[in-house]
Amino acid sequence: MHTLKHKILILALLLCCTAVVAQRKALTPAEARAFKEKIAANTQHLQSLESDFTQTKQLSYLENTIKSAGKLYFKAPRKIRWEYRSPTTYVVIFDDQTMYTKDGSAIKSVDLTANRRLKGLNDLLVGTVQGGNILDESRFAITYYHENNAYLAVLVPREKALGKYVEQVELSFDSSTLLLKQVGIIDPSGDRTQLTFSNQRKNTPISDAKFTATAF
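All letters in the sequence shown, in the order written, are residues -22 to -1, 1 to 194 by mature numbering (1 follows the signal peptide of the UniProt record, and there is no 0).
If you are wondering where the hints come from, they were derived from the structure by calculation, not from laboratory data. Honestly, I wouldn't trust all of these hints.
Simulated restraints, written as ranges between beta carbons of each label pair [as the list claims (entries may be wrong)]:
#, residue 1, residue 2, range
1, 92, 190, 27 to 37 angstroms
2, 2, 92, 35 to 45 angstroms
3, 166, 16, 40 to 50 angstroms
4, 192, 26, 33 to 43 angstroms
5, 2, 166, 19 to 29 angstroms
6, 64, 180, 36 to 46 angstroms
7, 75, 49, 39 to 49 angstroms
8, 7, 64, 36 to 46 angstroms
9, 1, 89, 27 to 37 angstroms
10, 119, 190, 12 to 22 angstroms
Every residue, glycine too, gets a C-beta built ideally from N, C-alpha and C.
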């Protein structure tokens, strides 16, 4: 279960650090406030989201990156399906207060009301997918930038417990759609993980059955 919790925490931090390839312009306090207001308004109108994703992970002890891909499904207010499809299959579903996982042929369910830590991870996942809810300056020291056609938010955890797993998180929002396009994380060991979203479909019908144990 400890390994499972760690996997889900990474997912949350990923759905909640990319290399600098162009000069960044820091937002003024007024610009940062305006950006957060736009993200909050966009979040209120986000009822569902379906997206492809690719993930690359660079471990400090390996020369080559580890690549994987899959699909993400979100339905307001609290349904998430995180589905790896290659090179291996792994699925995590959050349906309000219940978590389902499938690793290989094994399916497990967890009552989140009885597990405060996993409930917190679920809250973090929902906040990350929706975008605006993760920009919590009581939990993170956040710096905002504009770069090319994106707004960037660089987050450093204030909480010691979270700091054990992550050193810095970077969120990249498309400047026109305000949807989250890239999420990255650097952990204290120097390992780097980046998630890139594509083919995003906002507010399209997604069946509730997608978020049940029978959906595996």
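Hints versus structure:
1. At about 19 angstroms, the beta-carbon gap between residue 92 and residue 190 misses the expected band of 27 to 37 angstroms.
2. Taking 35 to 45 angstroms as the suggested C-beta distance range, the pair residue 2 and residue 92 conforms, at roughly 43 angstroms.
3. Range check, residue 166 to residue 16: about 32 angstroms between beta-carbon atoms, so the 40 to 50 angstroms window is missed.
4. Look at residue 192 against residue 26: about 20 angstroms separates their beta carbons, and that is not inside 33 to 43 angstroms.
5. For residue 2 and residue 166, the hinted distance range of 19 to 29 angstroms is satisfied, since their beta carbons lie about 23 angstroms from each other.
6. In this structure, residue 64 and residue 180 break the distance hint of 36 to 46 angstroms, their C-beta atoms being roughly 24 angstroms apart.
7. One distance hint, 39 to 49 angstroms for the beta-carbon pair residue 75 and residue 49, is violated here, with the actual separation near 23 angstroms.
8. Between residue 7 and residue 64 the Cβ separation comes to about 43 angstroms, which falls inside the hinted range of 36 to 46 angstroms.
9. Under the hint 27 to 37 angstroms, the C-beta atoms of residue 1 and residue 89, about 49 angstroms apart, miss the expected range.
10. Between residue 119 and residue 190 the Cβ separation comes to about 38 angstroms, which falls outside the hinted range of 12 to 22 angstroms.
Checked against the numbered hints listed earlier, the structure breaks hints 1, 3, 4, 6, 7, 9, 10; every other hint is satisfied.
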